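K.L.:
With our numbering as the guide, the letters of the sequence shown map in order to residues -9 to 357.
None of these hints come from the bench; they were simulated from the model. Fair warning: there could be bad hints in the mix.
As the list claims (entries may be wrong) - BS3-like mimics (lysine-lysine), calculated; alpha carbons at most 30 Å apart, straight line: (1) Lys304 x Lys279; (2) Lys239 x Lys53; (3) Lys106 x Lys139; (4) Lys134 x Lys111; (5) Lys239 x Lys28; (6) Lys279 x Lys60; (7) Lys258 x Lys199; (8) Lys111 x Lys60; (9) Lys196 x Lys134; (10) Lys164 x Lys115; (11) Lys139 x Lys60; (12) Lys221 x Lys53; (13) Lys221 x Lys239; (14) Lys134 x Lys164; (15) Lys102 x Lys139; (16) Lys271 x Lys172; (17) Lys164 x Lys239; (18) Lys28 x Lys258; (19) Lys134 x Lys106.
Predicted model, so just to flag it, every value in this text is computed and none were measured.
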Amino acid sequence: MELSVSPRFGVLLVNLGTPDSPRVPDVRRYLREFLMDKRVIDIPLLSRWLLVNLIIANFRAPKSAKVYQKVWTQEGSPLKYYGFRTQALLQEALGEEYFVRLAMRYQKPSIKSVLKEFEGKHWEKLIIIPLFPQYASATTGSVKEAVMKELSRWQTIPAVEFVQQFYQHPLFIKAFAELGRKHIEAHPYDHYLFTYHGLPERQIRKADKHNYCLTHANTAEIGCCSSLNAKNSVCYRSQCFATTRLLAKALNLPEGSYSTAFQSRLGKAIWIQPYTEDVVKKLAQEGKKSVLAFSPSFVADCLETTIEVGEEYKELFEEYGGEHWQLVESLNDSPTWIELLRQMVLERTTKPKALDLMLQVIAEEKE
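Model the full structure from these sequences, guided by the hints.
P.N.:
Dropping the structure here:
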């Protein structure tokens, strides 16, 4: 969308990233950049370098490349395709006062390259939206660090506001509930599974300043995440369980008919539990025949939704006796998702404008 007037506000959307192509060298390059982030693999630099460059990137890249080939389209990676669709639709929804761009934390378009489009212009405010519903140091935290590093080089730094999380926003819940309701109306389900990207338990504990997280009851159960409070409100695991409760309420799901689990483990470390693969096996063994699966930690379809949840867990469910497995698609470019982004931007830019107030003060002094 061409802007005919100078915009007052910059809006930067940031998602995780994707390889340039499903070829092995591009996948390896992506994995190296992603996994060398100290917020993603939080171990000493030398150990991280050896692990990523000598083991993970070399052995995982060929396997991951084959999986990327399954989701790649003529438009490229679904994550990037829907990211640019979202950029265009949000730009249209916000209008000419706003300048909207998409960046990826890893690979292209990079945060550094996209912020060059913003530099040197007279912004009233920059709104940075990491596209992760729940806060984690490895996702939102990493985006914030990368953005602040680039902005620190600017001579004039405008007012900047980050969206910390939006799992609790009514429109986020509405958007996923709308998608899930279409499947529920089309087919009866025995159970509903809400599966989220996992994190190592050590990262949860490192972020906990109250010695509260993962200390109550069996960490494979809900335990300390049964409700949000002052001690766990910034905890990723607690925010995921809260997302499940909000979606279950919006969908009128009976107590006991839904579960929360965590996927995508890497390495031998203990990750937050319960593990999705264990829950899937258990559901089938308990006689559940039909499961509807949500992935509410992702806003666009990608490997972790389409392949891991949509195909691999489906095969596992059927292997243990299940009959019908359905993945709820991600928000992608749904109208409610675009409206959520629009509202989050407007909530941060339609308060009394700093520039307007300054001009008003100057005018009053002249009188």
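K.L.:
Now look at each hint and say whether the structure bears it out.
P.N.:
Do the hints match the structure? See the list:
no., hint, verdict
1, Lys304 x Lys279, "holds, 11 Å"
2, Lys239 x Lys53, "violated, 39 Å"
3, Lys106 x Lys139, "holds, 13 Å"
4, Lys134 x Lys111, "holds, 21 Å"
5, Lys239 x Lys28, "violated, 37 Å"
6, Lys279 x Lys60, "holds, 27 Å"
7, Lys258 x Lys199, "holds, 25 Å"
8, Lys111 x Lys60, "violated, 41 Å"
9, Lys196 x Lys134, "holds, 18 Å"
10, Lys164 x Lys115, "holds, 28 Å"
11, Lys139 x Lys60, "violated, 35 Å"
12, Lys221 x Lys53, "violated, 40 Å"
13, Lys221 x Lys239, "holds, 24 Å"
14, Lys134 x Lys164, "holds, 27 Å"
15, Lys102 x Lys139, "holds, 9 Å"
16, Lys271 x Lys172, "holds, 26 Å"
17, Lys164 x Lys239, "holds, 11 Å"
18, Lys28 x Lys258, "holds, 18 Å"
19, Lys134 x Lys106, "holds, 17 Å"
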